[in-house]
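Participant: If you read the protein sequences in the order shown, they are chains P and H.
Residue numbering for the first sequence follows the working numbering, starting at 193 and increasing by one per position.
Residue numbering for the second sequence follows the working numbering, starting at 13 and increasing by one per position.
Hints are computed from structural coordinates only; laboratory data are not their basis.
The beta-carbon is built from N, C-alpha and C at its ideal position, and this holds for glycine as well.
None of the hints are false.
Here are the simulated lysine-lysine pairs, BS3-like style, with alpha carbons at most 27 Å apart:
1. P:362 <-> H:14
2. H:372 <-> H:357
3. H:15 <-> P:475
4. H:14 <-> P:475
Chain P is nowhere near these chain H residues, computed Cβ spacing over 10 Å in every case:
5. 75
6. 92
7. 193
8. 199
9. 251
10. 357
11. 369
12. 372
13. 391
14. 399
15. 419
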Amino acid sequence: MEALFALPQQRMDALTGWLAANPQLCGWFTSIVRFVFPVLALLILIRSIRSLLTVPHLPEVWAYLTLPNGSGEPLTHWENILGRGGACDVVLNYPVVSRQHAALIRREDDTWTVHDLGSTGGVTVNGAAVEGSAPVAYGDVLGLGGVETVLLPVSPEEKAQRRHRRRAAKPASPWLGLVLLTVFQVLCALQLILSAGAQATLNLPGAFLCLSLVMWLYFLTMRLLRRVGFEMETIAFFLSTLSLAITASSAPSALFKQFLALLLGLVLFLILGVFLRDLERAKHIRWLMAAAAIGLVSVTLVLGSAPQYGAANWIRLGALSLQPSELAKICYIFAGSATLERLFRKRNLGLFIVLTGVCLGCLALMSDFGTAAIFFVTFLVIAYLRSGDFATLSLITGGGVFAVLTMLSLKPYILRRFATWGHAWENASAGGYQQTRAMSAAASGGLVGVGPGEGWLHRVAAADTDLVFGMLCEEWGLIIAALAVLSVFTLAVFAVRACRAGRSSFYTIAACAATSMMVFQTCLNVFGAVDLLPLTGVTFPFVSNGGSSMLASWGLLAFLKATDTRQNASFAIRLPSRREDRRGAALAPRDTEGWEQEADDEED
Amino acid sequence: MKKIERRALLCLLLAAALIAGLALYVGRWALNGGRWASYAANRHLFNSSGELAVGRVLDRDDDVLSWVDGAGRRAYYENATVRKATLHAVGDRGGNIGTGALTAFADRLSGYNLLTGAYSPLGRGNDLYLTLDARLNYIAYQALGGRKGAVGVYNYQTGEVLCMVSAPSFDPLDPPEHVEDDPAYDGVYLNRFLSGTFVPGSVYKTITLAAAIENIPDLFTRTWTCTGSTDVAGEAVTCPHAHGELDIYAALSSSCNGVFALLAAELGDAVLEAYTRQAGLTARYSVSGLNTAAGSFAFSGLSQGALGWAGVGQGDDLVNPCALMVYMGAIANGGSAAAPQLVLKTENALGLPSGFYRRKSTGTLVAPATAATLAEMMHRNVTETYGAGRFPNMDVCAKSGTAEVGGGNPHAWFAGFLRGTDTPYAFVVLVENGGSGADTAGSVAAQVLDALVNGY
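Given the sequences, and given the hints that come with them, work out the whole structure.
Facilitator: Listed below in structure tokens is the structure:
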């Protein structure tokens with residue numbers, strides 16, 4: 193091992209020695225490269241961001257429901273609500289049909305089930321009354337309060353044709369962005385070596401080299417598996433690159449650990465994405481996830497220790513320190529999401545509220561109010577998506593506020609942490625110490641930054657985590673810092689727009705919750721650092737130095753990946769199989785002559 | 013599903029809040045970024061003592077006046093007199109001298125601006141070259157001989173200020189501790205040349221004369237008799253001694269108060285005010301971004317006698333030395349002059365220019381024909397009164413002033429310019445309570461100009 197690293201280390205020493213002898217050259221390099229970084233960042237991100245923001249989200253068609261008047265309504269989700277109301281997925285405008293009459297739900301194996309949603313007219317399948325729910329086969333007559341409809345499959349030819357058309361709305365090609373990102377990483381590593389000078393170790397180029405390799409490996413593998421959507425990964429890898437640079441600047445010894453966390457995060461992302469492909473599987477594991485969420489936060493409460501400042505949300509295992517509450521976020525979202533089927537079976541949020549209560553209680557006990565706030569906002573998002581009930585949620589929010597006030601009156605010292613909020617400059621040497629330093633350093637960065645590794649903010653406590661936005665602004669400049677925030681915003685907009693072509697509410701709720709979590713976390717981090725909000729000590733997704741945070745960010749991204757229903761875009765969505773297409777083909781309507789055979793992207 | 017799609021708009025609200033917050037931050041950054049960056053804890057620009065830790069100040073001959081030493085502290089030129097002579101141009105460690113480059117040009121020294129931030133190659137900041145010649149400052153400071161006052165010399169064609177001294181001064185490496193109580197350090201932080209205003213005395217007669225030349229057609233054929241006390245509309249305006257029979261040339265060279273008071277009364281307050289304003293004596297100049305103090309004159313509502321006193325630069329008249337110097341430059345330069353500049357150039361550590369310095373010109377401060385007449389008459393002052401021999405190899409035009417300040421010796425003024433294509437210099441010397449303008453201030457001017465024109 194020693195011998196293996198001896199030669200590169202020699203080369204490295206020679207390089208740093210030579211650079212030390214040519215400070216003028218280093219000056220030139222930094223002077224130029226600091227303008228190159230924002231340009232590269234723009235080129236890398238703009239295509240991905242534009243692509244994600246303008247995805248047309250063409251709905252998929254899973255089956256047809258022919259109405260008495262002869263027209264065929266396409267079923268564009270796995271979970272469809274039939275009824276008279278305007279918010280239904282298939283609107284049946286007959287007086288005998290209830291406003292929200294029945295739910296027609298497709299399973300993974302292309303079988304359908306109808307659920308009576310307490311309709312007045314009742315539901316029948318082939319004339320037999322349905323009590324609760326009943327399976328519906330293709331060709332069956334589905335009666336809704338006497339209105340007869342027929343469930344018909346989509347012909348393989350039409351499926352192929354639709355796929356072909358959907359493929360036209362192709363995701364942006366990732367290759368240019370990937371090459372530019374690699375250039376970005378190389379320049380970044382070089383610049384960091386320059387600024388570290390004699391302190392530079394092999395870790396530095398090593399970590400960035402590994403990052404580039406992992407990135408290319410991921411992209412090439414996915415392309416071999418015929419996946420074409422890479423915008424989210426481009427964004428995530430870009431933000432992760434920033435994270436490595438921040439870590440290299442503030443805690444060079446932790447650089448490789450951060451890279452390993454990134455690698456683990458990527459693995460978690462893959463596992464979670466593949467796992468989410470199968471909705472049945474995902475549905476069954478929800479209980480386990482709820483238990484895991486509670487387990488993770490409570491184990492922290494029992495074993496947790498506080499560093500010299502901040503919340504007691506760390507677990508130390510020898511040299512390794514973990515923040516289990518970060519991983520609990522993934523479990524929490526998993527547990528909170530629900531399919532439509534479940535939403536109708538169990539209308540109340542009781543158990544979910546209990547889960548939230550336990551998590552929040554544990555977090556409050558370890559004084560991790562930032563994370564508690566994130567859980568609470570995520571709870572509100574999930575609860576609203578599930579119930580749509582503003583009144584109850586207002587009540588719960590009121591209760592939350594009351595709980596916070598009670599806690600503050602019991603523990604008034606907590607209030608002191610918020611006392612300087614908005615007055616950082618008047619308390620620059622006390623409560624506003626970190627924020628004023630962050631702002632001063634951020635202003636010093638200007639639009640293009642002073643160059644990676646050239647800042648001083650990293651000497652301030654928690655600069656690479658809670659104040660990471662300040663470090664971004666200082667070393668990378670406002671343009672890149674704003675792009676990082678814009679990336680998170682883009683993910684949120686994508687998740688919301690993806691609802692249109694969402695297959696199951698499970699995916700939709702999970703994706704919306706995951707991005708809301710990221711967005712709110714970014715809000716707390718960014719605005720906390722610059723005194724627009726109280727400094728709560730939460731991390732910037734992907735960017736902050738910290739293994740648990742990196743891991744969690746990649747994990748959350750898997751939920752988004754599972755909603756990307758663009759043709760062949762996402763590995764978290766199974767490619768259509770030929771066997772599936774053939775089933776029920778005989779019953780499919782044949783009025784669409786001229787469908788062409790398009791089968792090159794199908795899986796057997 | 014459609015319902016959930018609608019509910020998901022809530023998430024967009026959250027995302028919009030993120031963008032709104034970011035926009036708010038960017039707005040604050042644009043508004044306050046400069047203030048945030050100049051916070052003393054900003055280690056890009058300041059050391060742990062709060063001193064500007066980047067940038068060198070040099071004079072026009074590449075003499076380094078101030079730099080940052082190996083320990084990160086501000087260092088200054090090795091000669092103590094040079095340090096004192098350039099204090100008001102370079103600035104002190106504590107940032108008390110507002111016109112000092114370390115304070116006034118901190119942004120140019122650090123290279124800080126909102127767009128490119130506090131970055132400077134090699135972290136050394138920029139080299140700021142002042143237009144000053146430290147040697148001239150040294151000679152001027154020596155010539156003042158411990159008296160309070162101000163000396164300024166500038167090139168009226170390029171605007172470069174070659175000499176700017178304000179006294180009293182102190183050694184920035186050994187600052188006095190009790191400045192407030194010590195009369196020797198009265199107004200020591202003030203740059204008298206840029207920021208002070210003083211009673212002008214007879215140097216103001218150049219303004220009255222400009223107005224008279226243009227408004228009194230028979231000015232050059234008139235004669236007056238000075239008995240030492242002239243009756244101006246019932247009030248007495250006195251001269252130090254009786255000048256006897258005078259034409260306008262003699263009235264200027266002997267600086268007869270009586271004649272100029274009569275002219276001022278005849279011209280009236282409105283005309284005097286208009287010419288004072290045109291001469292730029294009531295305006296502020298921006299000297300490389302440093303605003304000079306504006307002079308003040310109160311003509312309207314004065315009695316004829318008081319107007320007479322105002323016309324000879326007494327009464328409530330106050331003039332800024334720099335503005336007077338620029339007016340002298342305009343007379344020399346045919347009516348308008350280059351606006352004064354203190355920064356010659358700035359370079360970053362890679363030797364690239366880090367700023368763009370454009371030459372600017374004043375407006376017409378005096379009509380060209382009048383300027384030519386004035387110049388000729390001021391030249392006669394030198395040949396007939398001050399003595400051309402005091403200014404070897406120079407074509408000097410000047411006007412002295414001995415301004416009564418009520419208690420103590422009068423302020424001594426000497427202002428003027430050099431003609432000749434090789435010597436386009438205008439100058440002003442003020443010695444507070446220095447006595448006779450022509451003698452005291454004139455000899456300071458003579459020493460500085462001698463060094464400038466004739467070398468050592």
